[in-house]
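S.K.: Given the coordinates of chain U, assemble chain F onto it according to the supplied hints.
These protein sequence lines map, in sequence, to chains U and F.
Heads up, the first sequence is in the numbering used here, so the first residue is 1 and it goes up one at a time.
Heads up, the second sequence is in the numbering used here, so the first residue is 1001 and it goes up one at a time.
These are computed hints drawn from the structure, not numbers from a lab.
There could be a bad hint or two in this list.
Stated by the list, open to error - Simulated restraints on C-beta separations:
no., chain 1, residue 1, chain 2, residue 2, range
1, U, K2, F, H1266, 35 to 43 Å
2, F, I1262, U, A139, 51 to 59 Å
3, U, T218, F, Y1027, 27 to 35 Å
4, F, A1263, U, K192, 20 to 28 Å
5, U, K192, F, A1164, 37 to 45 Å
6, U, K2, F, Y1111, 20 to 28 Å
Unchecked claim - Calculated lysine-lysine pairs in the DSBU-like style (CA-CA distance at most 30 Å, straight line):
no., chain 1, residue 1, chain 2, residue 2
7, U, K98, F, K1265
8, U, K98, U, K5
9, F, K1005, U, K203
10, U, K203, F, K1269
11, U, K192, U, K203
12, U, K297, U, K203
13, F, K1269, U, K98
14, U, K297, U, K192
15, F, K1006, U, K192
16, U, K98, U, K192
17, U, K297, F, K1269
18, U, K98, F, K1005
19, F, K1006, U, K203
20, U, K192, F, K1005
21, F, K1060, U, K98
22, U, K98, U, K203
Said to hold, decoys possible - Output of the computed footprint for chain F on chain U, the stretches with three or more beta carbons under 8 Å from beta carbons of chain F:
no., segment
23, 130-138
24, 170-183
25, 271-283
Source: prediction; values computed, not measured.
Ideal placement from N, C-alpha and C gives every residue a C-beta, glycine not left out.
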Amino acid sequence: MKFRKKLLWFIVPAFLIYSGFMLIPLILSMRVSFYEFSGIGDMAFIGFDNFYRLLFEAPYNERFFNAVGNTFEFFAYTMVFQNVTALLLALALTRGLKMTGFFRTVIFIPVTLSLLMIGFVWSIMLNPNIGVLNEILSAIGLENWTRAWLGSESLALPTVALVNAWQYTGLMVMLFVAGIQSIPEEQFESAKIDGANAWSVFKDIILPPLVPVIGIVTIMTYMGVFNQFDLVYAMVGSTGGPNYAVDVLGTFFYRTAFGGAGGQMPQMGLGATIATMTFLFIAFAIGAFLYLSHVRKKGEN
Amino acid sequence: MVKGKKDRVLDLFAYLLLIIAAIVVIYPLFVMIITSLKTNMEVLVNPFGLPTELNFEGYKYVLRTGDFPIFFRNSIFITLVSLFVLLLVTVMASYPLSRFSFFGNRMVYFYFIIGAMLPTRLATVNLYQVINGLGLFDTLWALIFIYIAMTIPISVFIIAGFMAELPRELEESAHMDGASDSRILFSIWVPLLRPALATVAIFNFIPIWNEFFFPLIFISSDHLKPLPLGLATFFGQYQSDWPTAFAALTIAILPPLIFYLIASKHFIKGLTAGALKG
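For reference, chain U alone in the conformation it holds in the complex (with noise of 0.2 Å):
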């Protein structure tokens, strides 16, 4: 069918929303890095002085490499706890066994459920004072166990990453089941026939074609984890719990652009220039996957 130029018309609306309200904002926030700007009032261009600021001068510095640091920290617990998990959750939920369908349903509804709310939620549990958490060890005999996770500078982190794996590890199961079972029947039949045990089942007939599940799913925690906001923001506060043990890339740019809770001047110029160096890391990344995926697929034909 022929194109009429009448039909552009139908782009306009998503392309105007779109364009206004997001990808020209994205491209403009980048461009009040270079500025000083209090969020009313006028811009003064400052060339690279907020980039300056942000890594040589204290206490900025200090701040920002603390919440880079922390992202890592936070990637890196995500990847153990969340991804190691629902890959062996994902394991169990297709060896055909009764009622996967309704382990499937139970374990993918913290995935529906606000992160802020969770966070709270969990936040209760691991109170010192009323939360279940210490009680139930207490209660199986590990009074030596129990703690203020929340409260603690070296357990704040790995505890906050726990909730997060809680809430997200039924997407990444669904993702590794699905990769699962696009592997063709036959494959297991004939290892069988050969008498494989079932590790190397797993190492030469399953892992193989999950490779690239798992790309996707490291690159999903990856932009998770330099996204994060609520769940911290609820389990900590804004400014990122115990000496900012936990605070991360997303309440320090927050704190910074908005002032945050406690009163301070809103300095958007440095928090823009925050999110332009999440923006560097995310590019990074991105660019990373889709030169190893291209080279992958390169290998393979």
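M.R.: Chain F alone, transformed into the frame defined by chain U:
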């Protein structure tokens, strides 16, 4: 297929793992509900056990005194309007992009889907200027426009992709009848797109309903707060009145939970398909 002894041992491990996972998922929700039914004293003395007597004071309080009905109404309004406009503009844009070849087609399509890789929050600083400039600060429309914009990339990707696969004869016969472009789009294409529309609606329902960050930035009036932001405010005020705080959480969490349990297959499929494509 006959299972060997080793297989049965593995099955047992698999069951064990699944049962532990199910308990870990359900238990916090269970604690939330039973705590909401205790008295404050009971929460402090016996946080672990079941309530001796059901106490509905928390619920009564939340529903009577709180702004909860208003938070709900705001969330429902924002979600429905956002999804409706999203589907409308996405279907319209996907039609020329997927069914016709014209100069710049690939470029426009790429322009639309590039946003799927970029977190909208990075645009917050300038969005703040845009929203203020348009006089939309502290209005529900600020949120609605942002939500539509941030969900357009994945939606165009899914709908245009689906549309491109459909047979071409349909529109040609319609065109011979002399129907207008918009007639063809809405009476012929939209009914065929129903599965893709459902996927897009479910995939975007969850993040829009749960979004907290943008309301935190752009909404300051209590009567305009959507549920997560309203709950955060409420929770801050009632943090030592545990049954009330938990009743509020339960009320906020149950509707989407029930919605999910009714249509869990569609949710799992929609969210997983969307994620895999994104």
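S.K.: Against each hint, give a clear statement of whether it holds in the structure.
M.R.: Each hint, compared with the structure:
1. As the Cβ distance of K2(U) to H1266(F) is approximately 38 Å, the hint placing it in 35 to 43 Å holds.
2. Separation of I1262(F) from A139(U) is about 35 Å and departs from the stated range, judged on CB atoms against 51 to 59 Å.
3. In this structure, T218(U) and Y1027(F) meet the distance hint of 27 to 35 Å, their C-beta atoms being roughly 29 Å apart.
4. Look at A1263(F) against K192(U): about 37 Å separates their beta carbons, and that is not inside 20 to 28 Å.
5. Remark: the range hint 37 to 45 Å for K192(U) to A1164(F) is upheld by a beta-carbon distance near 40 Å.
6. Taking the beta carbon of each, K2(U) and Y1111(F) are about 24 Å apart, inside 20 to 28 Å as hinted.
7. With a C-alpha separation of about 17 Å, the suggested pairing of K98(U) with K1265(F) holds against the 30 Å cut-off.
8. Between the alpha carbons of K98(U) and K5(U) the distance comes to roughly 57 Å, so the proposed pair goes past 30 Å and is violated.
9. Between the alpha carbons of K1005(F) and K203(U) the distance comes to roughly 21 Å, so the proposed pair stays at or under 30 Å and holds.
10. For the hint pairing K203(U) with K1269(F), the CA-to-CA distance comes to about 27 Å; that is within 30 Å, so the pair holds.
11. At roughly 14 Å between alpha-carbon atoms, K192(U) and K203(U) fall within 30 Å of each other, so this suggested pair holds.
12. Restraint check: the Cα-Cα separation between K297(U) and K203(U) comes to about 20 Å, which is no more than 30 Å; the hinted pair holds.
13. For the hint pairing K1269(F) with K98(U), the CA-to-CA distance comes to about 20 Å; that is within 30 Å, so the pair holds.
14. For the suggested pair K297(U) and K192(U), the alpha carbons sit about 29 Å apart, so the restraint of at most 30 Å is met.
15. Straight-line distance between C-alpha atoms of K1006(F) and K192(U) comes to about 12 Å, which keeps the hinted pair within the 30 Å bound.
16. Distance hint between K98(U) and K192(U) is fulfilled; the C-alpha atoms sit about 21 Å from each other, no more than 30 Å.
17. For the suggested pair K297(U) and K1269(F), the alpha carbons sit about 26 Å apart, so the restraint of at most 30 Å is met.
18. Between the alpha carbons of K98(U) and K1005(F) the distance comes to roughly 18 Å, so the proposed pair stays at or under 30 Å and holds.
19. A threshold of 30 Å between alpha carbons decides the hint, and for K1006(F) with K203(U) the separation of about 17 Å falls inside it, so the pair holds.
20. Our distance criterion of 30 Å between C-alpha atoms is met by K192(U) and K1005(F), whose separation comes to about 13 Å.
21. Pair hint K1060(F) plus K98(U) does not hold up; C-alpha atoms about 42 Å apart against a cutoff of 30 Å.
22. The suggested pairing of K98(U) with K203(U) holds, with an alpha-carbon distance near 25 Å, which does not exceed 30 Å.
23. A count of 5 residues in the segment 130-138 of chain U with a Cβ less than 8 Å from any Cβ of chain F is obtained; the coverage claim is therefore met, three being the minimum.
24. Check result for the segment 170-183 of chain U against chain F: holds, 5 residues qualifying (beta carbon to beta carbon below 8 Å, three or more required).
25. Look at the segment 271-283 of chain U against chain F: 7 of its residues bring a Cβ nearer than 8 Å to a Cβ of that chain, three or more, so the hint holds.
Hint compliance for this structure: hints 2, 4, 8 and 21 are not met, and every other hint is.
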